[in-house]
Each structure stands twice: as C-alpha cells, then as structure tokens.
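**Student:** For reference, the chains in residue letters:
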Amino acid sequence: MLRKGFLILLIVALGVMLAACAGETSAPAGDSAATGDSAGEAAGDGGQMATIGFTASLTGKLNVESTRQTNGLNLWMKQVNDAGGVALDGGAVQFQSTFYDDESNQDRVQELYTRLATEDGANFLISPYSSGLTAASSVIAEQYEKVMITTGAASDSNYTQGYTLVYQAYTPASKYLTGAVDMIAANSPDLKKLAIVHENDKFSTDVSTAAEEYALEQGFEVVLFEGYDSGTTDFAPIINKVEQAGPDAILGGGHFQDGSTFARQLAEKGVATEYLVLLVAPPEPTFAELGDAAIAVAGPSQWEPQAAYTAEAAEAGGMEWYGPTGEEFVSAYEDEYGEEPSYHAAGGYTAGLVLQAAIEKAGSLETAAVKEALDGLDILTFFGHIKFDTSEEAHGLQVGHEMVYIQWQKNDAGDLVKEIVWPAEAKTAEALHPVR
Amino acid sequence: MFESILPFLVDGLLIGIVYGLVAMGLTLIFGIMNVINLAHGPIIALGMFGVYLFFTYMGFNPYFGLILMAGVGLLFGILIYFVAVHRVLNGPHLAGLLATFAVNMMIIGIGTSIFSTSFRNVDYSLGSVDVVGVTVTGTRLAASFVAILVTALLYAFLYRSRLGKNIRAVANNRVSAELMGIPSTRVLAISFGIGTMLAMISGGLLATIQPFTILSGSVYELKSFVIVVLGGLGNPLGAMIGGIILGLIEGLVPVFMKTTWVPVLEFALFILILLVRPQGLFGAKQ
Amino acid sequence: MKKWLQPGLWIPLLLVAAFAAYPAITGSASARETMFTMIMSIGLASSLNILLGYTGYVSFGHIVFFGLGGYLGFWAIDELGWHLAPAVLLGGVTAGLLALLLGLAILRLRGAYFALATIGVNEAMKSLVMNLPFLGAATGMELNFSVYKSYGGPATALWMVYWSLAAIVLIITVVSYAVKKSKFGLGLMAIREDEDAAGIMGVVSSRAKTWAYVLSAVFPGMIGVLFFFKNGIIEPGSAFRLNLSIELLVMVMLGGAGTVLGPILGGAFYQRLRGLLLTSDLFKNIQLAVAGLLLLLIVLFIPSGAVGWLRERSDRLRRVLE
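First to last, the sequence lines map onto chains A, B and C. What the first sequence shows, in the numbering used here, is residues 2 to 437, in sequence order. What the second sequence shows, in the numbering used here, is residues 891 to 1176, in sequence order. What the third sequence shows, in the numbering used here, is residues 26 to 347, in sequence order.
With the rest of the complex left out, here is chain A (with noise of 0.2 Å):
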C-alpha cells in the first residue's frame, strides 16, 4: 500500500513538473529592448521601459507579409528609443517588445497573447497579421483591458463585436474597392458594366460584397458576381465566364497567389477589359514578376512610397501632423533593412506611432488615459489620416485612413513602376486604360 501510494505521488509530481515545463515552453521569440543594455524595467535614467506585445507569423503562409509588419514596428521602437523615448511626466519611457511565432493559425494566438498580457507584463499589444488571427486575439485583448493597435487586419466585423479596447490602423475592407469604383466613374463616365470576382473567404468575400452594394448606388452593372475557392490555380473557367458576361472593368482577387495566377491568365486570354483592378497582389514588389501581364493592373494600397501626405495637407485640412515625413520613412526603412518598404511595413511602423502619439497625449501609460486618448486623436501621419470610430456599433473602426491605387505602368526606360493613380489629390500619373 506504502509503495502504491508512493507511485501516485511520482506521478503527480511528474505530471504537475511536466506541466510546468510546458508552461515554460513558449518563451519569447524574441525580446528586443532596441537600446540593448537596459536590464529590465529601468532605462536610461531613471525612465520607465513599456512593453509591447504581439504574435508575427515566422512560419505559415503568412510570413512575408507579417515580417515586413513586424520591421516596420521594430523600426518606429528604435527611432524612438533613439530619440529618447517619449517624455512623460515621471520621466521618458522607453519601448522594448516581446513577440511569439504565431505559425499563421489560429491555434495558439490566444494562448499567446494571454501570455504576453500576463506573465511578460506587455504595456499594449499590436494585432497579428490577417483579421481571422486578429479576432482571436481581440478576445484576450479586451479581456485583460489592454489597449491593441490593429495593422493588417482589415475586416470591419471585428469591430462591431463590442470591443473597446482595439483599434484599427488599416482602411477597412468594405472601402477597398469603393475608390476603384469611384475612380473608374471619374475617368470613363459611359462604362457601366463591372464583374467582381473574388476569392471565396474572409477578407475577399468583405471586400466585394461591399463594393457590389457601393457600385450598384453609384449607378453601375454588376454583370458578374462570383467567388472562387481559396486554392484555385486554374482560373480558365472563371476566366472563360468573365469573357461571356463581357464587362467594362473587372474588380477582385483575394490574396498574392490567387491575384497575380488570375492576372497571368488573364494576360494570356488576352481578355479585353477598360480596368483591372485586384486585392492584394498588386502593390506587392514581387508582382513585376508577371512581366507583360502585370501593365495597366491596378489595386488598392494602404499606403505607398509617392503618396505624399504632408505636414501643409495637414494643416489645410486642420488636423494635427504626426511623426516623420514618407520620405524620412522610407530612408530610414531602407537603410535599416536594405528594401523598399511595403504598405505592411508601413502599417507596422504607423501602430506604434499612433500608440506614440495616444501616450504622448495622455501622458501616461494607463490603458484607461490611453484609451481616451486614442478616441479623440485625429492626426495626418505619412501613413496617412488616422481617426476611429467611436460609437458604441463600430467603436475602434478606423474613419480617417484613404486606399491609394495603385497601377503598374512601363517608364519610359522600359521597366515596370508603380504609379498612384487615385485619389486625384495623391496621384502621380493618370490611369492607364483600356488595359488590352
């Protein structure tokens, strides 16, 4: 009896040692404190040390997009460590973050962020990349009253599910197409047929849906409204329907693979169209390597290089001028990570500048005083117009922020760049069509 009681006890002792090991598992990915040597809470001279947390997809499918997210954030933490840190009324604070591998699932996000709102004491948390994982940590976000800037997650049912304390950076997905359809009504007035073919899931099905409805009020045909599946490679069929319906433009797409395979195709079919324009895929650098097929397609941006947002825009329109200039930006991107940075870097860089801004206005680092802050900013940065929404229905929902679109054009030595051709006030050539 002695030694049967003496093996539950090893057992349990395993069990519970196993336990705890496990809870050790997850150590940080990475813990940067961009000024290196501050140990711990104390920095510089007798300043605070805020953390910020948040998950970036190393693996999965995500992970190109989410790293340039993440060195865009990492870039804002340096210039402000660099600078000092912000100044506060008990002295500057530093930044320093603490970040996990999200593998691009959900599975373990809010095991994650649980962790890094808890145990790694994280001041403020930055959303993952893509709305579906964004959800999920939402949860954990409001629960542990921590204050989340979201950035590349542009769904806009996110922000309806009665959070308070989660804010968007990004346009939301039911304006990305609206300003496609607006630019096309401003440039070819007599074309009035549209077919919109997406990818069928989240972001993707958001998006069209909303830009059907929006062109539909603005007068236009909607000749075609169909999704594909998530994994299509062979887009003839579709292609072969949007040749039968016979539209004046065509809007759509869904992420990089199925964009750019559907642009090929496209090219290749040699399908006559006045506009193409597709999600995604387009702004993304790699896209030039579509050669021929990618000429005159468009897509909308959160941001780009040209788009010039200044600190006299700002002043014209009354609002307050935030941060570096686009131009100091991408400089200093470039120098730091030897490529031109994309909307998601941006992204990355304009959530902590908005926390920045919101603690700088507040004064401290308290969720409740941060939070007031962040409803009432309403500042131009070179990212552009950042204001949210804060009613009850939509409250974080971002208001401020404009898509730029933009199109692939041949310069006149011959290579393919990038031209913001919408909005009129942004852009830096008129719009390419018919496209074939």
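None of the hints are false.
Straight-line C-alpha distance at most 20 Å; calculated SDA-like pairs for lysine to any residue:
id, chain 1, residue 1, chain 2, residue 2
1, A, K242, B, S894
2, B, K1148, A, E227
3, A, K428, A, H386
4, B, K1148, A, E213
5, A, K362, A, D390
6, A, K242, B, V1026
7, A, K411, A, G271
Over the 10 Å line for every Cβ pair with chain B, so calculated as not near, a few chain A residues:
id, residue
8, G48
9, A88
10, E222
11, V223
12, P325
13, E335
14, E341
15, A374
16, S392
17, E403
Everything labelled a hint here was simulated from the structure, so no lab data went into it. Cβ atoms here follow ideal geometry from the backbone N, Cα and C, with glycine treated the same way.
For this one, chain A is given, so just place chains B and C on it according to the hints.
**Tutor:** Then chains B and C, alone, in the frame of chain A:
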C-alpha cells in the same frame, strides 16, 4: 449553346491532361508498393522551383529545365526511398503515411526557410493559339502535349524495357518476383524515383502556367487524391483519365452554377466513387 | 469492479488531472492557456485513438468532427442565443450523427481507401460550409464580446471553458480505458488484427466499427465548441484544418497507438516539443524540418510509440501501463 460551352470544354480538357500527369506519380508508387506518398505535394513544388531557378538564374528554357528536373527527381526519389520508405514497406499503412509525411514536413520546412512563402513566376510565354475558335495559351497547350508524351514514354518503358517489366512483376507479386531472381529492393527504389520524377515534371509544367509558392503543391496533392480514386488507385492510365474528368468538372461546372460549388461536387464525387466503385471507374488491377 | 482500481486506469487519470490542476495551483491565466492547448490535444488524440489504435482504421480527416461540432455549437450560441452547455452537447451529437452516417458507408473501405475517404469527407464538409449562408459561408462567424459577460465576465468564462475541457478529457480517458477492457474493445482489437477472421469468430464487425467511429467523433465535436467559443471566431479554414488532423496522428503514434496512456503522453510531448522548437534560436527557422526529422526517426525505429516501447521492454511495466 454548344458554342458558348466550347471554351470551357477545351480549357478543361487541356488542364485535365496536366492534372493526369500530376497524379500519375502518386498512383504509380501506390500501385507498386502500396504506399500513399504524402510528400507528393512538396515534390511537385520542388519541380516548380527547379524550373524557376534554372530559368531565372541560368537562363535555361523551361522545357530544357524540365529535362534536368526529371533527372534530379529520379535521384531525389531514390534517396527518399532509402531514407524513409524502405523500412516501413512491410509495416502498417500508418507507418508509410507518417514516414512520407515526415519527408513532407522536412521539404516544406527547409523550403520555407530558403524561399520564404512569397510567390514566384516563370515569366515565359509561347503566345496564344486559336484552337477550334477558342483562344488557348501556348504554354498550356505545350504542357498538355508534354504530359501526353511523358505518359506514352512511361508506358513504353513499363511494357517494353526489361526494367519496366521487372517493375510490373514486383508490383504484381513481390515475393514471387524475388523468387524469380528480380532484385526487388533496387526495383522498388527506382520505381519510387520514377514516381518522384513524374511529380517533379508535372510541377515544372505547372510552373509555366501559373505563379506559385513553396506551399502550392498541397492543392495538387489533394487533387491527386481525387484523381487517383476516380481512375483507380495504382493505375497510371486511369490517372490520366481521372485527371481529364476532374479538368472537365472544373471547366464545365461553372457554366451551370457558382464556382464555389466545384470543390463540394468534386469531393462528393470522390466519396461516392470510393463507396460504389473503390477500384475506380476503370477497374484497376487488384 | 476490481478493474476500476487498476493502475492502467488511474495512472492516465492522475496524469490528466495533474496537467489540468497545474494552472489552478499557480492561478496563472497564462499557464491556463498553455495547458488548454495541451489538454485539447490530449483529448483529441485520445478520441482518435479509439478508432485508430483499437480498431486500426486510419482516419486522416478526423478534424472534420472538431470543425463541424464547433460550427454547429458556435451557431447555436451566436444565432440562437443558447447557453454554452447545451451547445457543447449539440456539437457532440452532431459530430456523432455524422460519424454514424459516414460509418455505415465508408467504414466498408479498408486501409488506404478509408484514409483517403476521410480526407475527402473533411474537404467536402469544408467546401460545403463555405457555401452555407446560415453558417456565415466563407466569412465565418464572430461572437460578440458581450456574450462572455453573461457568464460572469470573460475571465470567469475562460476558466469555465477550461474546466469543462478538463472534465471532458477526463471522461475520454475513462471511456478509452473502459472500451479497451470491455468485450466491445476486444472485438475492435480483433478487427484490427484480422477483420475477416474477427467476422468468422462472431464479431459483428460493421456494427462494432461504427460505434467505435461514433465514440471517437463525439468528443472532438464537443471540444470544438469549447475551443471556438473561447476563440471568438470560426472560419472554414481554421475549423477544418487538415494539418491539425495529421498532427493528431503524430501524437498518437508518438505515445503509442492502442494504449490509453499513449495519446496522453504523445499529446503532451508533441506540444512541448513544438513549443521548444518554435522558440529555440537554433531551430526557429527550420522547426518544421526538425520536427519532420524526429517524426521520421520515431516511425522508423520506435513504431510502437513510447508506451508500446516500454511495454515491450519489461513485463512489470506491461502490467502497469495500458
């Protein structure tokens, strides 16, 4: 009516032939050694990347790159056989599935760290051709042509050459083949190599049609499962016919309903065939 | 009744209880979340083991029950305003019904054919859900944050979900043991060794297989509801993720298929290993490849898993470990 369906029909047929080749390696390996190769998808992706790298960095014509990748595929397949498959051949089904899945994880893991998951494109065009009044892209036509050629070569090899006959003997009955003095291990290794080679070639062909990432193979792995069941597990020619059927479904169904219903129909058909005719539509050998 | 006091039962039970109790001892929410992931894996792997380990049928798409149960439960909570408890039951019942229907059909298939069919079922269900507007189609569904408030605030709700999960997994452990020791389980194992011979010996194999399938489907359906309730969002892609299905197979194999303790150890070890690899500086970038290599080594050299290996090594262990 027929006029309007014709483009769907032609496109479906052409891509279907390529699908047939995509699934052929999987079905060949299963037919010979009763292993479902779960590394099939990543191998297809490697074929895509091989052609891409030869084209982009060495300037090789994609179709020449395809021949090189065939050689690489054969060797790589033999390597996989000896590392992962040989020891589990006589074990339970699960062992073979998990061993090849382990290879899958390794290829994807290393591939992601080298290439990341951003998409690549072989910027190569053969223009487009007019076939019975339908515009067809050159690369697509070439891909189905190569797929038919490879299938013909495979059959010539299996039925004319000594090694091919040995392979069929081992597939039929390994024990008696060994009794007849056929070195079964060597034959099995080469068969796995050939299956891998077919997958790599099909990947290379797909790379000329569409952009891809290191993860693109998984879509084709799933399609291959459907195809081999349609045509009968273990039957290469059945795979070709199954591929064409799948291509036609994908091509023609969107004429009549929303495209998003295509996968529902595909997999429902897949289960139905398994239930009603598990030996496939064209009665594979048992 | 004596069999209920056997070490084969109380060792796994105590182990699961110890895992479950750990966050309560420390009171840490972070530990709770880590253990949630681990205990969920244990529960799913143990359920799968009833079919895979005892009956020998390789279900590759087992995650379909987790996904479908999760969907129906989530829908009941979100649209019909149900309480979590009946929703969990609904998830379990739905998954069980699906297994019953499928079981009558696809369990006739053997070996690779069955494995392929289960993949097909998962993919078909995923594409079907993507076309059903009442389940949110491609966009999925999200829970309003206020739902958690009716359970006494989100913190209480999350602890409640955790304890429900722990209770379900303890039940699975008992069921798994009871099946193994029953005549029903003996029949299943006879099917595993030689289905035709089992038929001749009087095991009604189609009925036995179907009930094993149903049993192994009900619990993942219930766990799915808990997971997605906690997650706050459900989408087709995350509900029917084939990779998770394959990870479950790996867990069962690691610990030892056909044993009660095996899937528990396998689930715990697998999650711990992934955690280690993901965070190690050396392996971070190639963690998937390293995990693949380890899996290969285990499949090649310890095919019966940890528990199976131990049982083969010593008679005394064979008496204690089930």
